[in-house]
Amino acid sequence: MKRLRHDVNALVSIALLIATTIAILTGIIADVWDLTGFVFHTYAGYVMAALVMFHVALNWSRLRRYIYVRLFRSGSAARTRSPASAPVHPPCPTVERSAPGVVRALHTRRGFLGVLIGGLAGLAIGRSTARLRPDVPFGSDLGVAYHQWSKPGMSDLFGAIASWGAQPPLYKTYPDSPRIMLPPPDNRPGLALETAIQQRRSVRHYIDEPLTLAELSRLLYYTGGINAERFGIKLRAAPSAGALYPIETYLAIHRVADLRPGVYHYNVADHSLSLIRDADVRQETVRHGLMQEFLGTCNAVVYFTVILQRLRWRYQERAYRYALLEAGHLAQNLYLAATSLGMGVCAVGAFLDDEVNAMLGVDGKEEAAVYMLAVGKARDQV
Numbered sequence: 431m432k433r434l435r436h437d438v439n440a441l442v443s444i445a446l447l448i449a450t451t452i453a454i455l456t457g458i459i460a461d462v463w464d465l466t467g468f469v470f471h472t473y474a475g476y477v478m479a480a481l482v483m484f485h486v487a488l489n490w491s492r493l494r495r496y497i498y499v500r501l502f503r504s505g506s507a508a509r510t511r512s513p514a515s516a517p518v519h520p521p522c523p524t525v526e527r528s529a530p531g532v533v534r535a536l537h538t539r540r541g542f543l544g545v546l547i548g549g550l551a552g553l554a555i556g557r558s559t560a561r562l563r564p565d566v567p568f569g570s571d572l573g574v575a576y577h578q579w580s581k582p583g584m585s586d587l588f589g590a591i592a593s594w595g596a597q598p599p600l601y602k603t604y605p606d607s608p609r610i611m612l613p614p615p616d617n618r619p620g621l622a623l624e625t626a627i628q629q630r631r632s633v634r635h636y637i638d639e640p641l642t643l644a645e646l647s648r649l650l651y652y653t654g655g656i657n658a659e660r661f662g663i664k665l666r667a668a669p670s671a672g673a674l675y676p677i678e679t680y681l682a683i684h685r686v687a688d689l690r691p692g693v694y695h696y697n698v699a700d701h702s703l704s705l706i707r708d709a710d711v712r713q714e715t716v717r718h719g720l721m722q723e724f725l726g727t728c729n730a731v732v733y734f735t736v737i738l739q740r741l742r743w744r745y746q747e748r749a750y751r752y753a754l755l756e757a758g759h760l761a762q763n764l765y766l767a768a769t770s771l772g773m774g775v776c777a778v779g780a781f782l783d784d785e786v787n788a789m790l791g792v793d794g795k796e797e798a799a800v801y802m803l804a805v806g807k808a809r810d811q812v
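Letter 187 of the sequence shown, counting from 1, is numbered 617 in my numbering, and no numbers are missing.
Do not take every clue at face value.
Estimated spans, in silico, between C-beta atoms of each pair [stated by the list, open to error]:
{"id": "1", "residue 1": "P669", "residue 2": "G549", "range": "29 to 37 angstroms"}
{"id": "2", "residue 1": "S570", "residue 2": "G794", "range": "21 to 29 angstroms"}
{"id": "3", "residue 1": "P619", "residue 2": "P669", "range": "20 to 28 angstroms"}
{"id": "4", "residue 1": "Q597", "residue 2": "R631", "range": "38 to 46 angstroms"}
{"id": "5", "residue 1": "L623", "residue 2": "Q597", "range": "42 to 50 angstroms"}
{"id": "6", "residue 1": "G569", "residue 2": "P599", "range": "20 to 28 angstroms"}
{"id": "7", "residue 1": "G569", "residue 2": "D783", "range": "18 to 26 angstroms"}
{"id": "8", "residue 1": "H436", "residue 2": "W594", "range": "15 to 23 angstroms"}
{"id": "9", "residue 1": "A596", "residue 2": "R631", "range": "26 to 34 angstroms"}
{"id": "10", "residue 1": "K795", "residue 2": "G549", "range": "38 to 46 angstroms"}
{"id": "11", "residue 1": "R717", "residue 2": "E747", "range": "27 to 35 angstroms"}
{"id": "12", "residue 1": "P605", "residue 2": "Q629", "range": "38 to 46 angstroms"}
{"id": "13", "residue 1": "P669", "residue 2": "G569", "range": "34 to 42 angstroms"}
Honestly, the hints are just simulated from the structure, not real lab data. Treat the numbers as computed from the prediction; the structure is a model and nothing was measured. Glycine included, each C-beta is placed from N, C-alpha and C at the ideal position.
Let the hints inform the model, and build the full structure from the sequences given.
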């Protein structure tokens, strides 16, 4: 009976040690990644882990002796009961002589406590340098929650270990679609920058006159075209985090000379357009923009989409922040370029995302529309 009790005590200690290790690892993951909002469970798990560790430490000599007897003495006893003719092997080197320093330290209670305290200290340091759970007021919308959770912190070092996927291609292409090369943008002077900024307004009324292909070329080039190369990196007219350029540009063409009405993709790499849908989409653009009629009377509607993986693999949670900032940079460039040419632009943020994504042929997840802007020859500044 005494031996049975001894066996049960030892086995329970071993099981507790294994269970505690698993509880620590899963508890850290749940706490850091906020997989559970019930913090008392997390803290109780940490307390249980500490108590179990000290329980094992107090019984370490007995537990170690039990394992040694069960694993080594039983084999020795079996060899003792074997026939005398059996070969006698020299004794194996003791663990104390052959084990690494950390393992040798575990053979004493003091050594085990030292390893335990060192591990707990490392855990405490890691938790203290990790990003604290942000203070998100109760009832906040998703924007507030995302803004708080995407703040940088030391835990980003931990997040960098995780795989955020591979870097996708920098340019999106439509090899099977008809391609229209745009004329090189002319260098004729426009308005001075200060004047363009002063005159910039959102314009919703347009004259019934088509844009020329040269005017469209100039607008696209000064919005986000490639204008320099440095250290092998092709730089564009708008800034981008890490020069990763997650924004793609599409156009719903209504009235542009020498272009059929339809949906086009702007190929920034060679300053060309790919026709991805040959159709009059004026009624669709009006419906997508919540029945704002000027989206059908303008010369073209420019759409900006974001391919988040172009940023996510490097910037992780902050990728969406940077993508929206870049869409704003491009939109302001388009405003100023159009104003310089005597045209008008009106940005639209309220639109039916799923329908716009479907018209552009994107899935709304890996690539999604984030901005649409009407552009045309202005009748007045309203």
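May I ask which of the numbered hints given earlier this structure violates, with the numbers listed in increasing order? 1, 5, 6, 8, 9
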